Amino acid sequence: MTIKVLTANRLTDGEVVWYGADGQWRETIEGVSIARDQEAAAELEAAGKAAMGANLVVDANLIDVEDRGGELYPLRLRERIRISGPTIDFEPRRKPAASAA
Amino acid sequence: MSEATEQNGKHFPEKQLWGREGFRDDPYIEAESLEVAGDAPAVILPLAAWLGLDDDVRRTSNRRIGVFVAPGESIDPLLDKLDTVPLIALQFPAFNDGRSYSKAEILKGRHGFKGELRAVGDVLVDQVVFMLRAGFDTLEVTNPVALKRLSASDLRDTPGYYQPGRGSAKTAGGFSWRRTPAA
Amino acid sequence: MYRYDEFDHAFVAARVEQFKDQVERRLSGELTEDQFKPLRLMNGVYLQLHAYMLRVAVPYGTLSGRQMRKLGHIARTYDRGYGHFTTRQNIQYNWPALADIPKILDELAEVEMHAMQTSGNCIRNVTADHFSGVAADEVADPRPFAEILRQWSSLHPEFSYLPRKFKIAVTGAEHDRAAIQTHDIGLHLKKNEAGELGFAVYVGGGQGRTPMVAKKIRDFLPAEDLLSYTTAIVRVYNLHGRRDNKYKARIKILVHETGVEELTRQIEAEWQALKESDLKLPQGDIDAIMTYFRPPVLPERPEGWGALAAAKKADAGFAAWVDQNVTPHKNPDYGVVTISLKPIGGIPGDASAEQMELVADIAEKYSQDEIRVSHEQNLVLPHVALADLHAVYELLLADGLATANAGLITDIIACPGLDYCALANARSIPVAQRISERFGAAERQAEIGELKIKISGCINACGHHHVGHIGILGVEKKGEELYQITLGGSADEITTVGEITGRGFSSEEVVDAIEKIVDTYLGLRTSKEENFLAAYRRVGAAPFKEALYGPVSRAA
Ligand code: HEM
Ligand code: SF4
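Chains as they are written, first to last, in the working numbering: chain E, 1 to 101; chain L, 1 to 183; chain P, 1 to 556.
For the record, the hints were derived by calculation from the structure and aren't laboratory data.
Computed from a prediction, not measured in an experiment: that's the story for all the values here.
Built from N, CA and C at the ideal position, the CB exists for glycine as well.
All the pointers check out, no bait thrown in.
Derived Cβ-Cβ restraints for the label pairs, each shown as a range:
id : chain 1 : residue 1 : chain 2 : residue 2 : range
1  : L       : Ser-33    : P       : Glu-257   : 32 to 38 Å
2  : P       : Gly-540   : L       : Ser-74    : 45 to 51 Å
3  : L       : Ala-152   : P       : Lys-103   : 22 to 28 Å
4  : L       : Ala-169   : P       : Glu-193   : 38 to 44 Å
5  : P       : Ser-507   : E       : Ala-50    : 37 to 43 Å
6  : E       : Arg-26    : P       : Tyr-4     : 41 to 47 Å
7  : P       : Glu-268   : E       : Tyr-73    : 56 to 62 Å
8  : E       : Glu-66    : P       : Glu-257   : 44 to 50 Å
9  : E       : Tyr-73    : P       : Ala-99    : 31 to 37 Å
10 : L       : Pro-27    : P       : Ala-194   : 56 to 62 Å
DSS-like mimics (lysine-lysine), calculated; alpha carbons at most 25 Å apart, straight line:
id : chain 1 : residue 1 : chain 2 : residue 2
11 : L       : Lys-148   : L       : Lys-15
12 : L       : Lys-108   : L       : Lys-170
13 : L       : Lys-170   : P       : Lys-280
14 : L       : Lys-170   : P       : Lys-275
15 : P       : Lys-216   : P       : Lys-248
16 : P       : Lys-167   : P       : Lys-216
17 : L       : Lys-108   : P       : Lys-275
18 : L       : Lys-108   : P       : Lys-280
19 : L       : Lys-148   : P       : Lys-20
20 : P       : Lys-516   : P       : Lys-545
21 : P       : Lys-103   : P       : Lys-20
22 : P       : Lys-37    : L       : Lys-148
23 : P       : Lys-275   : P       : Lys-216
24 : P       : Lys-215   : P       : Lys-167
25 : P       : Lys-167   : P       : Lys-191
26 : P       : Lys-275   : L       : Lys-114
27 : P       : Lys-37    : E       : Lys-49
Use the sequences and the hints to build the structure in full.
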């Protein structure tokens, strides 16, 4: 099967987080807890539900990823964009600080 | 008033009846029909059962017979019988099913229903103010947070409204659609 | 402009307190996400892919310099230095922390703004023609009525939990710039033979997965009956709109399933009972609200005529910008300036904090302290003296805000798409950017003329693709982005839903496909005066399909 990892958005600021092998939510996909079989997937799913119940995160979902030579590659573009951030150059160029009002 | 209202830390009974003056005892029981209601002095029947009663039974019964209306049911058959209804319970199966608000407006606002209009179902604190303004007199509350807030009279109302509605008054000189909470 | 009185200030302050309390209860765990979601939505807070999103209402798209400056300040302080102006004349911030949102709302309240009802199944921000009050073709300024509707719909006890969202738009001109026929209620302000103000009322327009053009249910509703009639419509919808399937919950489906005659009958019956109620608008109140929108007293500036001609002669870039982005004002010494938020290759609708502040400064100095947000995701300076145009242009140019493309092929509407949106199937913005680059040369755009491209990243149609002259809809197929093209849509007084051309195009192919369509148009138009939409209406889809897919095979 494809392997699965657990991801969500943090309640307080909406930041994208992944469920780490250490049971902590982390801001990068490195060190994430990986489910390689049904049973592990079910455990991850339960961890997601528990974390939503505990109001740590919202919108927890298992996503499909591939192990590409040690790098985790989500199958859906959506999830890749959640890792990379918007694919566009969205942050405005900064001009010398205008007076902060 | 039941004691539960005074004591914040106390365990609340699971269902409480609340009105603008606070918590109150509920004389009504819900029943599928008069027959199964035993000798309860006040009964709420489903709409179909209520409509099935003989007009005379409704008028002359020595008990109060209220009616329960689900959001998908029409209130039209009740409209010419309002003087014989002591209570109408409008249901909110989920707090975001807003149909019963419109029925409340029609019953209280247009038809001047004088009996008790009660909100039952998923009654949460964030909608209490809307319910009162739409015309509900009483709310049947089970949600613990709602119970706590209501017992503390903590409704987070706004100091004014942009629509006419129950329990509000027109201010002199203000735009015609504006109201302030009646004192 | 409307100014809050004490009543409004106190109301908004209390509403901010309510929301602050709701956020605190959410953060403490007292509210679950399921309970909080409708509450946050009613305050414009969404969860997107990377963060929360806050949508701030810009009622009928009108802002003062001070308000715009505050929007810039919020972008810099609580977000990543920019904001996104939307097709509903609002602004969205893409990165606020939930915990900061009450503070943002406090700051907005300082300048008489809020985020109420910018989302959720309630009556949304009322939109209006962005040229209201200045357009030469207008019967009357529709914004006073939009303001009355805004007030009346705020925290409406009966209408806060409708089957689905509910959008109202108002225009005061024959030429509809507010897309009223794509709204749940569209109001066309007009005068009857006696010279009295009233509305033609349209109901049941909408986009999303089942696009529908609104039906006219009343040709003339006296202005005093605005609130009672609207109440009747929304009440009938609240009671009978479908709640079993959220894709069938909009009023357009009720109109469709009930039939327009029967629904009109129900609405009229309800209205008869409401007509003489407290909802009847006294003329005094209408007049009082209208006073807020009285046109500013504009000093005579006849020197502008000569100055403008000379400046155009001396500066070709300026001349092109004036020709494309400045439209006539009721007062001939003045012009209406469209500030394009569509720089070539840029992100449609985005503006940086600095740009917002610059526009605020310019508006205060040169446009009677007034700014508009258009549903085309641009900004408008409604009252600029012709004599000041060159100065305004120079200021805008220095900050990348003087792109001369209003209404042209690079003036693209695009929704956030998969770069931000949790519901998206495909990206919208990068497609818009590539089209903009492909057609960016000034001569080429000018040659093509008026052409509205609108892009959505999923069938919800936030980018209005159904009503684009060329619409692009992103879908997902086997994990890849795919783009469907529709042709011939339009959102003006003759609203039409575009027709799908055929199979979709990959991200690599889609810009070439657009180019083929444009070249086909250029080849078949009768003259430069026949714009894309007119040509399409004349010849139909066939030549375009043939250009895209080759000669029609009979079997298909
Ligand atoms: C990024 C977060 C957004 C989400 C989650 C979202 C969600 C939706 C959904 C679910 C619909 C379909 C509603 C229906 O058919 O009943 C919709 C429609 C729409 N949205 Fe958005 N939207 C977002 C952003 C935007 C933006 C940025 C704009 C403006 C540029 C916008 C403007 C609209 C418009 C105009 C419609 C069509 C209204 C209609 O169906 O009549 N939305 N949106
Ligand atoms: S059209 Fe779809 S992708 Fe675009 S903003 Fe709306 S919901 Fe998101």
